[in-house]
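Modelling step: build the complete structure from the supplied sequences, incorporating the hints.
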Amino acid sequence: MVSRVALVLVSVLVGLVLAVGASYAAVALVTSPPTPSNQSCCNYGS
Amino acid sequence: VRRVLGVSLTGLGAFLVGLGLMFRLIVPGMAIKDPLNEHSVTTLTGQNMEYFSTSKLQELTGVSIKAINTVNGDVASGTSSIAVWDGFTALNDTTNNAPIEYSSERLAFNRRTGLLQNCCGAAVGSNSSVHMSGIGYVWPIGAQKKTYEFFDTTLLKPVPVTYDGTATVDGESTDKFVENVNDQQFGTQTLPGSLVGVKDAATVTLPEFLTATNTFYVDPLTGAPVSEVEKQSVTLQDQGVTKLVLLRGTLSTTASSIASAVKTAQSDDRKIAAVQDIIPVVGILLGLALIVLGAVLIGRLPEADEEYIDEDAVPSEA
Chain A
1 MVSRVALVLV SVLVGLVLAV GASYAAVALV TSPPTPSNQS CCNYGS
Chain B
1001 VRRVLGVSLT GLGAFLVGLG LMFRLIVPGM AIKDPLNEHS VTTLTGQNME
1051 YFSTSKLQEL TGVSIKAINT VNGDVASGTS SIAVWDGFTA LNDTTNNAPI
1101 EYSSERLAFN RRTGLLQNCC GAAVGSNSSV HMSGIGYVWP IGAQKKTYEF
1151 FDTTLLKPVP VTYDGTATVD GESTDKFVEN VNDQQFGTQT LPGSLVGVKD
1201 AATVTLPEFL TATNTFYVDP LTGAPVSEVE KQSVTLQDQG VTKLVLLRGT
1251 LSTTASSIAS AVKTAQSDDR KIAAVQDIIP VVGILLGLAL IVLGAVLIGR
1301 LPEADEEYID EDAVPSEA
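In order, the protein sequence lines correspond to chains A and B. With our numbering applied, the first sequence covers 1 to 46. With our numbering applied, the second sequence covers 1001 to 1318.
The hints are simulated quantities; they were obtained by calculation from the structure and are not laboratory data. Predicted model only: the values in this text are computed from it and were never measured. Where is the CB? At the ideal position from N, CA and C, for every residue including glycine. Fair warning: there could be bad hints in the mix.
[As the list claims (entries may be wrong)] Selected chain B positions facing chain A (Cβ under 10 angstroms, derived; list incomplete):
#1 V1007
#2 G1013
#3 A1014
#4 K1033
#5 G1299
Spelled out as structure tokens, the structure:
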């Protein structure tokens, strides 16, 4: 019985660790510095 | 097979629960920020306005005015926590097809709170020594229904912007904030005395006053203003008497600029909702279900599997 509980706990622990890693990886991916937008300049005519 | 399936489901469930908790509690603070590479062009227009033409040296009334405000992010000067945006505004008399004035500013601000930072070459026009505080281009992400300090680039100081209820703008629910400025001096102007009725003086220097009621309609989730109404009066006064009107009237964001801003805000709102609401709820619920299912599968393993799993178990004597 103890081994079954341990198996569940290890599975949960591994899942949680992977989730934390995946979250930080996702954040790093979406917050990587963007390239400057190709800005059109100075068309201020009325 | 059941053991592998049970372990896999439990692990996947824990992964989803963990992902949901991370996206609810940690990820929004790191990932939901104002952009470094902002690029927007906003147009405001006003009818029946009044201003002093420096080319004609006279006050013009009943004119239409267009203000084009362009904001570009300086990506290279920004960091993970600070954005630096450059703004340029051109004010044009569209009745007489003549430029009125140009202004610019460079504001650095916290990408979550919107609070201005005194760094990175922040300046109003060519004045880089001005101390900035309060919010500038944007409200905080997740703006509250309360009074904020807004840095007024004309007065060069923060002014309270009071929460004044909600309003629907182009189908988008916004929070309305109002900045009231009542006859505050912000500078002086030296001009020929003849322009203000002082014929015996070649030049006179008069204080410049601003009276304004500026209303901002802000998307609360992103903190982005989607519409503005600027009722302003800039005058030269002499001992409380208005001598010259430099600019007077009401400028409002055009329908096309509002539509563009609302479209951007709604797109960002959906992304924010996905990150901090949908992914956590789906992840946690689905994850818990999988953990329960996996645990049940492991719990119902046959005895043979149990013995296989438990290496410390004493083999039964057959």
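Comparing the hints with the structure gives:
For B/V1007, the shortest C-beta to C-beta distance to chain A is roughly 5 angstroms, which falls under 10 angstroms, so the interface hint holds. Look at B/G1013: its Cβ gets to within about 7 angstroms of chain A, closer than 10 angstroms, so that hint holds up. With 10 angstroms as the threshold, the beta carbon of B/A1014 comes within range of chain A, its nearest partner Cβ sitting at about 3 angstroms, so the hint holds. Taking 10 angstroms as the C-beta cut-off, the interface hint given for B/K1033 holds, the closest approach to chain A being about 7 angstroms.
Residue-level restraint check for B/G1299 holds (minimum Cβ-Cβ distance to chain A is 6 angstroms; threshold 10 angstroms).
Checked against the numbered hints given earlier, this structure breaks none of them.
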